[in-house]
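Residue numbers (the working numbering), protein chains in the order written: chain E, 1 to 351; chain H, 1 to 176.
I should point out that these hints are in silico values taken from the structure, not numbers from a laboratory. A quick note: this is a predicted structure, and the numbers were derived from the prediction, not measured. Note that the Cβ used here is the ideal one computed from N, Cα and C, for glycine as well. Hints should not be assumed to be uniformly reliable.
With a cut-off of at most 30 angstroms between alpha-carbon atoms, the simulated DSS-like pairs for lysine-lysine come out as follows [to be verified]:
| no. | chain 1 | residue 1 | chain 2 | residue 2 |
| --- | --- | --- | --- | --- |
| 1 | H | K60 | E | K73 |
| 2 | E | K299 | H | K144 |
| 3 | H | K53 | E | K299 |
| 4 | E | K83 | H | K53 |
With the Cβ distance kept under 10 angstroms, some of the chain H side facing chain E (calculated, not the full set) [said to hold, decoys possible]:
| no. | residue |
| --- | --- |
| 5 | I52 |
| 6 | K53 |
| 7 | T171 |
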Amino acid sequence: MYGFEALTFNIHGGYLEAIVRGYRSGLLTAADYNNLCQCETLDDIKMHLSATEYGSYLQNEPSPLHTTTIVEKCTLKLVDEYKHMLAQATEPLSTFLEYITYGHMIDNVVLIVTGTLHERDVQELLEKCHPLGMFDSIATLAVAQNMRELYRLVLVDTPLAPYFSECITSEDLDDMNIEIMRNTLYKAYLEDFYRFCKTLGGATAEIMSDLLAFEADRRAVNITINSIGTELTRDDRRKLYSNFGLLYPYGHEELAVCEDIDQVRAAMEKYPPYQSIFSKLSYGESQMLDKAFYEEEVKRLCLAFEQQFHYGVFFAYMRLREQEIRNLMWISECVAQNQKSRVHDSVVFIF
Amino acid sequence: MVTSSSSWWQALVRISPYTFSAIGIAISIGVSVLGAAWGIYITGSSLIGAAIKAPRITSKNLISVIFCEAVAIYGVIVAIILQTKLESVPSSKMYEPESLRAGYAIFASGIIVGFANLVCGLCVGIIGSSCALSDAQNSSLFVKILVIEIFGSALGLFGVIVGIIMSAQATWPSKA
């Protein structure tokens with residue numbers, strides 16, 4: 001019953017909610033980012049990070065440091081925190097936490113299949129996979145030739161199996177089909193996650209619906225912009241949009257027929273929450289759209305922490321950490337390539 | 001004796017006032033302790049989790065647990081007071097209006113105290129959980145949220161006051 005979660009939530013979820021709020025207090029602040037942006041070398045970055053919570057993860061790295069090492073160790077910290085929480089969780093929180101990682105699983109599957117298509121070594125690809133999305137038989141993905149085999153050999157035993165019913169074809173895998181497969185899987189995953197949150201009910205359903213709707217809408221806009229000028233037909237494009245969210249169904253009708261960015265902008269400006277995003281961009285510019293979307297997402301994720309006794313805080317924390325890792329990667333790359341003037345182009349402050 | 005012809009009325013009036021008194025005393029202590037326990041576990045689980053990152057909060061936030069515990073103590077006190085109000089009357093006088101009144105007064109007093117303490121314990125427990133989590137993030141919030149908790153614990157006190165006033169009416173007929 002909505003409004004009375006406070007009576008029974010703490011039985012199973014109280015300890016973990018307190019833990020995740022403790023983790024949240026360890027996110028880097030604007031002051032930390034300002035220090036990091038003024039670093040000259042990667043060793044400076046390592047020194048600044050050793051004063052934060054990442055210290056114990058980076059202190060044993062030998063110089064010279066690579067940006068990929070920094071990102072890898074920071075991701076390792078996120079994975080450790082996630083595994084700690086998953087180990088202590090009971091149903092339905094454990095299912096909820098597992099749902100958060102399916103997106104990474106999809107990315108890993110697509111990474112390996114694309115890499116195999118371009119004749120890369122499987123071991124090298126496995127090292128690039130995101131650790132949260134690993135599953136046991138992931139290495140066997142390299143053997144599959146088309147989607148039916150992909151499903152039959154490997155994916156039928158993973159949690160991704162139910163998402164495949166919409167995209168099994170006997171066509172061979174090539175770049176275009178793989179992208180379509182990724183987006184179809186992600187669409188099925190978002191809809192499944194949305195449905196699951198609705199069954200949880202209460203504050204979790206309300207907060208997660210809002211966050212997932214934003215995610216679905218953002219993906220719809222990205223799919224539209226990325227498929228302008230490609231051979232993706234309008235019907236195919238419409239099939240990749242999720243069936244929930246603020247844009248469903250009328251916004252999707254408009255987006256499906258868009259042929260350039262200004263038409264996308266015109267379609268989106270009818271929705272007040274997205275109008276404020278698009279108003280920050282001048283006409284014809286789409287590079288800053290990613291950053292604008294990230295900023296809006298961070299704002300909504302921080303709002304999820306305002307309420308107690310729901311599962312949205314776990315999802316919000318994982319996403320905020322991933323944003324932080326993206327920030328660190330951008331800062332490290334700018335510092336490593338000596339392009340410090342561009343550092344503020346893509347860093348999204350969390351607080 | 002009451003002379004209403006409804007059989008329900010007869011059945012109700014024929015229940016011994018001692019039954020009502022005993023149930024009242026049981027509810028006063030039982031339901032109060034339920035409220036206190038519920039509040040303590042709500043606060044305690046959040047406090048333990050938050051104290052991992054911020055160990056400094058543990059000693060201050062035990063106040064929330066103490067406020068919840070106070071609720072159980074109110075229940076015990078009222079139960080002891082109520083049981084001193086029980087007196088034996090000869091069985092000829094057991095169904096007189098005055099005995100029934102005494103029985104009902106003890107019953108009502110027990111229910112008042114029990115349920116007031118139940119919701120008070122819940123209220124203090126939920127606020128205590130939020131207090132622990134906020135204190136872990138920003139220690140200046142602790143005193144402000146404690147004020148809310150103090151108002152919450154006044155609810156149990158209201159229940160105890162009214163319960164004791166009710167039980168003062170529990171005068172059994174004299175043995176003559």
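- Item | Hint numbers not upheld by this structure, sorted from lowest to highest | 1, 7
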